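Undergrad: Sequence:
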Amino acid sequence: MRLLATVTLNANQLRAHLLPLVELAEVSELVLVADEPAPPMPKVRSVVPSQRQRRMLGRAGSKLVTCTRLARELRPEWVLSWNVMPHGVNGFVAGRAAGARTAYHMIGGEVEWAGGGWRSDNSILGRLPRPLPPLERALLAVVRRTDAVCTMGTRGRAALIARGLEEARVHVTPPAVDVERFSPAAPDAPRAYDLVAVGELIPTKRVSDFLEIVARLRERRPALRAAVAGVGPLRAELVAEADRRGVGDAIDFLGLRADIQELYRSARVFVLTSRYEGLSVAMTEAMASGLPPVVSDVGELRDLVEDGRSGFVVGVGDVAAFVDRIGELLDDENRHAEVSAAARDAAVAHASVPKVAEIYRRILIG
0 MRLLATVTLN ANQLRAHLLP LVELAEVSEL VLVADEPAPP MPKVRSVVPS
50 QRQRRMLGRA GSKLVTCTRL ARELRPEWVL SWNVMPHGVN GFVAGRAAGA
100 RTAYHMIGGE VEWAGGGWRS DNSILGRLPR PLPPLERALL AVVRRTDAVC
150 TMGTRGRAAL IARGLEEARV HVTPPAVDVE RFSPAAPDAP RAYDLVAVGE
200 LIPTKRVSDF LEIVARLRER RPALRAAVAG VGPLRAELVA EADRRGVGDA
250 IDFLGLRADI QELYRSARVF VLTSRYEGLS VAMTEAMASG LPPVVSDVGE
300 LRDLVEDGRS GFVVGVGDVA AFVDRIGELL DDENRHAEVS AAARDAAVAH
350 ASVPKVAEIY RRILIG
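Counted the way numbering that gives the first Met the number 0 counts, the sequence shown spans residues 0 to 365.
Mixed in with the good hints there might be a few duds.
Stated by the list, open to error - Capping the alpha-carbon separation at 20 angstroms, the derived lysine to aspartate or glutamate pairs in DMTMM-like fashion look like this:
1. Lys354 - Asp344
2. Lys42 - Glu22
3. Lys354 - Asp302
4. Lys354 - Glu332
5. Lys42 - Glu28
6. Lys354 - Glu135
7. Lys42 - Asp177
8. Lys354 - Glu72
9. Lys354 - Asp177
10. Lys354 - Glu25
If you are wondering where the hints come from, they were derived from the structure by calculation, not from laboratory data.
Quantities reported herein were computed from a predicted structural model and do not represent experimental measurements.
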């Protein structure tokens, strides 16, 4: 079986979504159309549109043309896409042009299409000043005509079924984690950071809340250290805000980390303050690394985090609750160890590469 895929994600996200596919013995090749080449993975070949194409057609248009051409040349059994705009639409068009079956993966949650995507992170749809119901209907029309639809968790699946999709075509397919690469550090290993947050530096991630959390915790713990890994347009603003709050010397802004697994092993607690998520790849990797997560009650996070057992789930923007739950973990080593072990167990059981590969086997092969 040959697969054609289109998406643009960072290296860790690509591994999380592609490794289960190439794990399948039936898959001989996965051709990825993206803005940048994928990191080395077995069976994966990247095709990046030329600079000339991008100048003439833009990023989305050049990927659509490239994906459609390859679908006609390669005749893949499936065309796979992640995020409804532009990749979900591009994958659907390319699949129809070549007579291939199509699968769309809703990784950002229902904000990808709700109201036309006006609250999504899409660079074009996210600029809409208000909901646009006709655009929502158009995006959902494409989703309904796709052969298989995958969601990050149960909440997203329920949202699509409520919009009229057949239950049999909507599958919960979490991002996978390499549980060998992401594994806990030794109990006595040194920890450079008490807290770590990982993600794009964009408004949706509410990193300002993380800065406030650090400031409040540091009032009782002057030696507390924290790290933020990720890039984005808000970096300079957030660095300046950290200085204004008096915690600039306590927080390291690390940018993108190719060795993210080592960062997790050097931290004690993973914090996610987002107002929207699907099922966070970063959170899944952190849990597999033995970090107790303290996260916003958004998206599909409760599919993996059992509140009070494998982590804590609190309301979006409830900084006081974040501080209380994190403080509980930092102050009680036995409690930290208990939640750490449960977090690792939950990630392995829910999202190991073989586990997710079997879900894909049922979808693509039957």
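Undergrad: Please go over all the hints and tell whether each is borne out by the structure.
TA: Here is how each hint holds up against the structure:
| no. | hint | result |
| --- | --- | --- |
| 1 | Lys354 - Asp344 | 13 angstroms, holds |
| 2 | Lys42 - Glu22 | 9 angstroms, holds |
| 3 | Lys354 - Asp302 | 15 angstroms, holds |
| 4 | Lys354 - Glu332 | 31 angstroms, violated |
| 5 | Lys42 - Glu28 | 5 angstroms, holds |
| 6 | Lys354 - Glu135 | 33 angstroms, violated |
| 7 | Lys42 - Asp177 | 17 angstroms, holds |
| 8 | Lys354 - Glu72 | 32 angstroms, violated |
| 9 | Lys354 - Asp177 | 11 angstroms, holds |
| 10 | Lys354 - Glu25 | 16 angstroms, holds |
Hint check: violations occur at hints 4, 6, 8; the rest are consistent with the structure.
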